[in-house]
Amino acid sequence: MEPPPGAAPPAGGPGALRRNAVALGFLAPAVIILSVWIIYPTCYTIARSFFGQQGFGDFVGIDNYKALFTPFNSHNILLKAIKNSAIWILVAPAMVTAIGLIFAVLTERIRWAVAFKTVVFMPMAISLFATGVIWHVMYIKDPSQGAVNAGVGAIRSWFVSPGALSNALPSTSTLTGSPQKGYVLTKPISAGGTAQLGLTAIPPTDLSSSAKQVVVPRAKAGAIEGIVWRDFKPGGGVVGKPEQGELGIPGVHVNLLDSAGKKAGGATTGDDGAFEFKDVKGGGYKVSIDKSTFAAPFGGVSWLGSQLITPSIIIAYIWVWAGFAMVVIGAGLAAISREVLEAARTDGATEWQVFRRITVPMLAPVLSVVFITMLINVLKVFDIVISIAPGSTQSDAAVIAVQMWRQSFGGVNDFGLGSAIAVFLFVLVVPVLLLNVRRFKREV
Amino acid sequence: MTAYEAEAAPVVIKDPSEALPAKIGRAVAKLPLHIFLMFIGVLWLMPTLGLFFESLLSPADAQSNGWWKVIAHPHLSTWANYSNVWHDTDIPTALRITAEIAIGGTLLPILIAALAGYAFAWVDFPGRDWLFVVVIALLVVPLQMALIPIFTLYNKAHLYDTILGLILFHTAFGLPFAIFLLRNFFIGIPRDILESARIDGASEVRIFLKLILPLGLPAIASLAIFQFLWTWNDLLVALVMARNTTPITVDIFSQLRQFGSNIDIIAPASFLSMIIPLGVFFSFQRYFAQGLLAGSVK
Numbered sequence: 001m002e003p004p005p006g007a008a009p010p011a012g013g014p015g016a017l018r019r020n021a022v023a024l025g026f027l028a029p030a031v032i033i034l035s036v037w038i039i040y041p042t043c044y045t046i047a048r049s050f051f052g053q054q055g056f057g058d059f060v061g062i063d064n065y066k067a068l069f070t071p072f073n074s075h076n077i078l079l080k081a082i083k084n085s086a087i088w089i090l091v092a093p094a095m096v097t098a099i100g101l102i103f104a105v106l107t108e109r110i111r112w113a114v115a116f117k118t119v120v121f122m123p124m125a126i127s128l129f130a131t132g133v134i135w136h137v138m139y140i141k142d143p144s145q146g147a148v149n150a151g152v153g154a155i156r157s158w159f160v161s162p163g164a165l166s167n168a169l170p171s172t173s174t175l176t177g178s179p180q181k182g183y184v185l186t187k188p189i190s191a192g193g194t195a196q197l198g199l200t201a202i203p204p205t206d207l208s209s210s211a212k213q214v215v216v217p218r219a220k221a222g223a224i225e226g227i228v229w230r231d232f233k234p235g236g237g238v239v240g241k242p243e244q245g246e247l248g249i250p251g252v253h254v255n256l257l258d259s260a261g262k263k264a265g266g267a268t269t270g271d272d273g274a275f276e277f278k279d280v281k282g283g284g285y286k287v288s289i290d291k292s293t294f295a296a297p298f299g300g301v302s303w304l305g306s307q308l309i310t311p312s313i314i315i316a317y318i319w320v321w322a323g324f325a326m327v328v329i330g331a332g333l334a335a336i337s338r339e340v341l342e343a344a345r346t347d348g349a350t351e352w353q354v355f356r357r358i359t360v361p362m363l364a365p366v367l368s369v370v371f372i373t374m375l376i377n378v379l380k381v382f383d384i385v386i387s388i389a390p391g392s393t394q395s396d397a398a399v400i401a402v403q404m405w406r407q408s409f410g411g412v413n414d415f416g417l418g419s420a421i422a423v424f425l426f427v428l429v430v431p432v433l434l435l436n437v438r439r440f441k442r443e444v
Numbered sequence: 001m002t003a004y005e006a007e008a009a010p011v012v013i014k015d016p017s018e019a020l021p022a023k024i025g026r027a028v029a030k031l032p033l034h035i036f037l038m039f040i041g042v043l044w045l046m047p048t049l050g051l052f053f054e055s056l057l058s059p060a061d062a063q064s065n066g067w068w069k070v071i072a073h074p075h076l077s078t079w080a081n082y083s084n085v086w087h088d089t090d091i092p093t094a095l096r097i098t099a100e101i102a103i104g105g106t107l108l109p110i111l112i113a114a115l116a117g118y119a120f121a122w123v124d125f126p127g128r129d130w131l132f133v134v135v136i137a138l139l140v141v142p143l144q145m146a147l148i149p150i151f152t153l154y155n156k157a158h159l160y161d162t163i164l165g166l167i168l169f170h171t172a173f174g175l176p177f178a179i180f181l182l183r184n185f186f187i188g189i190p191r192d193i194l195e196s197a198r199i200d201g202a203s204e205v206r207i208f209l210k211l212i213l214p215l216g217l218p219a220i221a222s223l224a225i226f227q228f229l230w231t232w233n234d235l236l237v238a239l240v241m242a243r244n245t246t247p248i249t250v251d252i253f254s255q256l257r258q259f260g261s262n263i264d265i266i267a268p269a270s271f272l273s274m275i276i277p278l279g280v281f282f283s284f285q286r287y288f289a290q291g292l293l294a295g296s297v298k
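In the order they appear, the protein sequences are chains A and B. Note that this note's numbering has the first sequence beginning at 1, numbered continuously upward. Note that this note's numbering has the second sequence beginning at 1, numbered continuously upward.
FYI, nobody ran anything at the bench for these hints, they're computed from the structure. Fair warning: there could be bad hints in the mix.
Label-pair restraints from in silico Cβ distances [stated by the list, open to error]:
{"no.": "1", "chain 1": "B", "residue 1": "D192", "chain 2": "A", "residue 2": "F371", "range": "37 to 43 Å"}
{"no.": "2", "chain 1": "B", "residue 1": "I187", "chain 2": "A", "residue 2": "G391", "range": "49 to 55 Å"}
{"no.": "3", "chain 1": "B", "residue 1": "L49", "chain 2": "A", "residue 2": "E351", "range": "51 to 57 Å"}
{"no.": "4", "chain 1": "B", "residue 1": "N155", "chain 2": "A", "residue 2": "R357", "range": "58 to 64 Å"}
{"no.": "5", "chain 1": "A", "residue 1": "V152", "chain 2": "B", "residue 2": "A60", "range": "22 to 28 Å"}
{"no.": "6", "chain 1": "B", "residue 1": "S64", "chain 2": "A", "residue 2": "V427", "range": "33 to 39 Å"}
{"no.": "7", "chain 1": "A", "residue 1": "S368", "chain 2": "B", "residue 2": "L43", "range": "24 to 30 Å"}
{"no.": "8", "chain 1": "B", "residue 1": "A99", "chain 2": "A", "residue 2": "P204", "range": "33 to 39 Å"}
{"no.": "9", "chain 1": "A", "residue 1": "G245", "chain 2": "B", "residue 2": "H73", "range": "33 to 39 Å"}
{"no.": "10", "chain 1": "A", "residue 1": "G222", "chain 2": "B", "residue 2": "I71", "range": "53 to 59 Å"}
{"no.": "11", "chain 1": "A", "residue 1": "L24", "chain 2": "B", "residue 2": "W86", "range": "46 to 52 Å"}
For the chain B half of the interface with chain A, some residues (derived, Cβ under 10 Å), not all of them [unchecked claim]:
{"no.": "12", "residue": "P21"}
{"no.": "13", "residue": "V28"}
{"no.": "14", "residue": "G41"}
{"no.": "15", "residue": "W44"}
{"no.": "16", "residue": "L51"}
{"no.": "17", "residue": "V140"}
{"no.": "18", "residue": "V141"}
{"no.": "19", "residue": "T152"}
{"no.": "20", "residue": "N155"}
{"no.": "21", "residue": "K156"}
{"no.": "22", "residue": "I179"}
{"no.": "23", "residue": "L209"}
{"no.": "24", "residue": "L213"}
{"no.": "25", "residue": "F253"}
{"no.": "26", "residue": "L256"}
Predicted model, so just to flag it, every value in this text is computed and none were measured. Glycine included, every Cβ here is placed at the ideal spot set by N, Cα and C.
Sequences are here, hints too, so could you generate the full structure?
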């Protein structure tokens, strides 16, 4: 290999002894620290992984590695961790790279790119641990406290209106059904008849403030008149009878069902709880309160429950690292020749074609650096997992690095198994290690 | 390498005679893009601000309100949580320990890496490339490989639960990247400068102190910011290697088990732990971005 430019005469020439002494002096601190804190531990951990919990007297061969992949034993949480890590590896690096690419391309077109990049880049300065705390607060299940669920609830309310009365029950047995199906008045009604649907168990706070005194419906030819009311007044009152002091329930959806049980009409109650089905002929109709009335209000998605915990943590992770990807890809983008892009545009290529056929292929080296960096990083992810999932869901959220810590220091204290997990982690990064070494050897 | 402030939007040659309607038309066409990016910006800022607002709510208010209520009702906010955390918990001590670890864990590896980087770049000795390959190989060794043996070693060497022990661990795992970065930067220093200094009879130590360090300052600054944030923000190493002499991340971690009930401690303490890193980030953003770009795969 050639000496780098500027080096003194090659080794072995005059002054070699002095140069070697200088090199030794300059390198000694680094060599000592790297040897004691990285190289010796690496050898130790590899050796330790073949011994059991008791120490170096307790040779177990490859049993620790078998335990890693054995389901349904006391360590089956390990397999779960490996599966979770696989999800992380498949999803997180690709998402971070893609989002970074989108942000980098879009910010090229605006004047306030620096402000935008600062904002998106900022989470990089925050510890992954604090990030976990931040997102734990974001993910609180109750929509009145957790911002994510508040947002989901707001969007949901555009499509699904919450029921007027989620807890109401029929006041008499004339109404049958369930909150899931709605309640039907069992007695059939003919044209010109009336229907009285009484509900109870309605807290005053659930009742609309526009509710007015209920009025007993009067029969009308060719129509079915009815009321839905709160069959309760302070002090009691007679059950099943609309009385002075009892309020109608506004905004309840009522359905008219024909004798075959098919929907023949619909109405919504007014402020006094009254409704009307017009142009009704014949008999055998039934009146029902629609199930939408009893729809429970949005209770929040349990982002931190066992089902969604890993995707939830990955979202928080993307929030941290998208800025990194954006800045590195943005620098790559700035290096692409403007002329090539302009030429393509002049030739009539659409923005999408320019992006797909020119920008992305030219960025390929940068994209792969970002992707590989994220890949290594994702393997070691630890802080953010244990701070978002500190309690009972930790086993559901655990990844390899978390299990390495738990098995070694988190109460189990099995250094043999812990070493095997660490070695497994190490083996996964060895391809990148070889890639780096090869790239360097090509350089010199 | 460009820092991200430096990369400008593509230069558009403006035609001075361009009609105003055309300009307005272009601005309107871009409106969806502006709205989208502003939405993303707000989305990205929200979690951090959310934690800050949460930290201002009294425990009773935090139980019944979302943090966004503070925006509409500023009277709900109080500094009482911060006052409690500052006076009644170990958080101030933890912050001091964190600072000591971060400062030591930044200066020591940079000094050692600068020495080694100079030797790798400018001193010819047998086995140099071979040794550098080892450094590159160490770049990606996960620190999990060292936790168990170093824990055992520290217990024997009385380094367990000491600031020095934590600093040395961070030094070791910061070194490969630091050596790699500085060696690559030093190699770019013009040869003539070093040659003439050597001909003038300057010693290697003198060259290192008077030439290499000042010329390498931009790379050293980027590295320092990275290493500082990395050690300041560490949780895992301190969790394993310390019990009582713990940085702030470990202190907050021990509170996490009762997340719901003591959010009035967790939120302000977490925010306190973020102030210094955010300050470093906003003051040295430029170096931060440069360091990212100069670095490769860690």
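Right, here's what the structure says about each hint:
In this structure the supplied range 37 to 43 Å holds for B/D192 paired with A/F371, their Cβ-Cβ distance being about 40 Å. Restraint check, B/I187 to A/G391: a C-beta distance of roughly 50 Å satisfies the suggested window 49 to 55 Å. For the pair B/L49 and A/E351, the beta carbons lie near 33 Å from each other, so the given range of 51 to 57 Å is not met. Separated by about 60 Å at the C-beta atoms, B/N155 and A/R357 satisfy the suggested range of 58 to 64 Å.
Between A/V152 and B/A60 the beta carbon distance is about 26 Å. The supplied range of 22 to 28 Å therefore holds. Evaluation of the 33 to 39 Å hint for B/S64 and A/V427 yields a failure: the beta carbon distance comes to about 50 Å. Range check, A/S368 to B/L43: Cβ separation about 28 Å, and the 24 to 30 Å hint holds. In this structure the supplied range 33 to 39 Å is violated for B/A99 paired with A/P204, their Cβ-Cβ distance being about 56 Å.
In this structure, A/G245 and B/H73 meet the distance hint of 33 to 39 Å, their C-beta atoms being roughly 37 Å apart. Checked against the hint of 53 to 59 Å, the pair A/G222 and B/I71 passes, with Cβ atoms roughly 55 Å apart. For the pair A/L24 and B/W86, the beta carbons lie near 50 Å from each other, so the given range of 46 to 52 Å is met. Interface restraint check: B/P21 against chain A, minimum CB-CB distance 20 Å, threshold 10 Å, status violated.
The interface hint given for B/V28 is broken, as the beta carbon of that residue sits about 14 Å from the closest beta carbon of chain A, more than 10 Å. Annotation: B/G41 was flagged as interfacial toward chain A, and the flag holds, the nearest CB pair being 5 Å apart, inside 10 Å. Checking B/W44 against chain A by beta carbon gives a least distance of about 5 Å; that is within 10 Å, so the hint holds. Satisfaction of the interface hint for B/L51 is found here, the shortest Cβ-Cβ separation to chain A being roughly 5 Å, below the 10 Å cut-off.
At its closest, the beta carbon of B/V140 sits 5 Å from a beta carbon of chain A; the interface hint therefore holds under the 10 Å criterion. With a cut of 10 Å, the hint placing B/V141 at the interface with chain A holds, because the nearest CB-to-CB distance is about 6 Å. Look at B/T152: its Cβ gets to within about 8 Å of chain A, closer than 10 Å, so that hint holds up. For the restraint placing B/N155 at the interface with chain A, the shortest Cβ-Cβ distance is roughly 12 Å, beyond the 10 Å limit, so the hint is violated.
The closest approach between the C-beta of B/K156 and any C-beta of chain A is roughly 13 Å, which is over the 10 Å cut-off, so the hint fails. Because the smallest distance between the Cβ of B/I179 and any Cβ of chain A comes to about 6 Å, under 10 Å, the interface hint for this residue holds. Checking B/L209 against chain A: minimum C-beta separation of about 12 Å lies over 10 Å; hint violated. Because the beta carbon of B/L213 sits about 13 Å from the nearest beta carbon in chain A, more than 10 Å, this interface hint is broken.
The beta carbon of B/F253 comes within 7 Å of a beta carbon in chain A, closer than 10 Å, and the hint placing it at the interface holds. At its closest, the beta carbon of B/L256 sits 4 Å from a beta carbon of chain A; the interface hint therefore holds under the 10 Å criterion.
Comparing the model with each earlier hint shows violations of hints 3, 6, 8, 12, 13, 20, 21, 23, 24; every other hint is respected.
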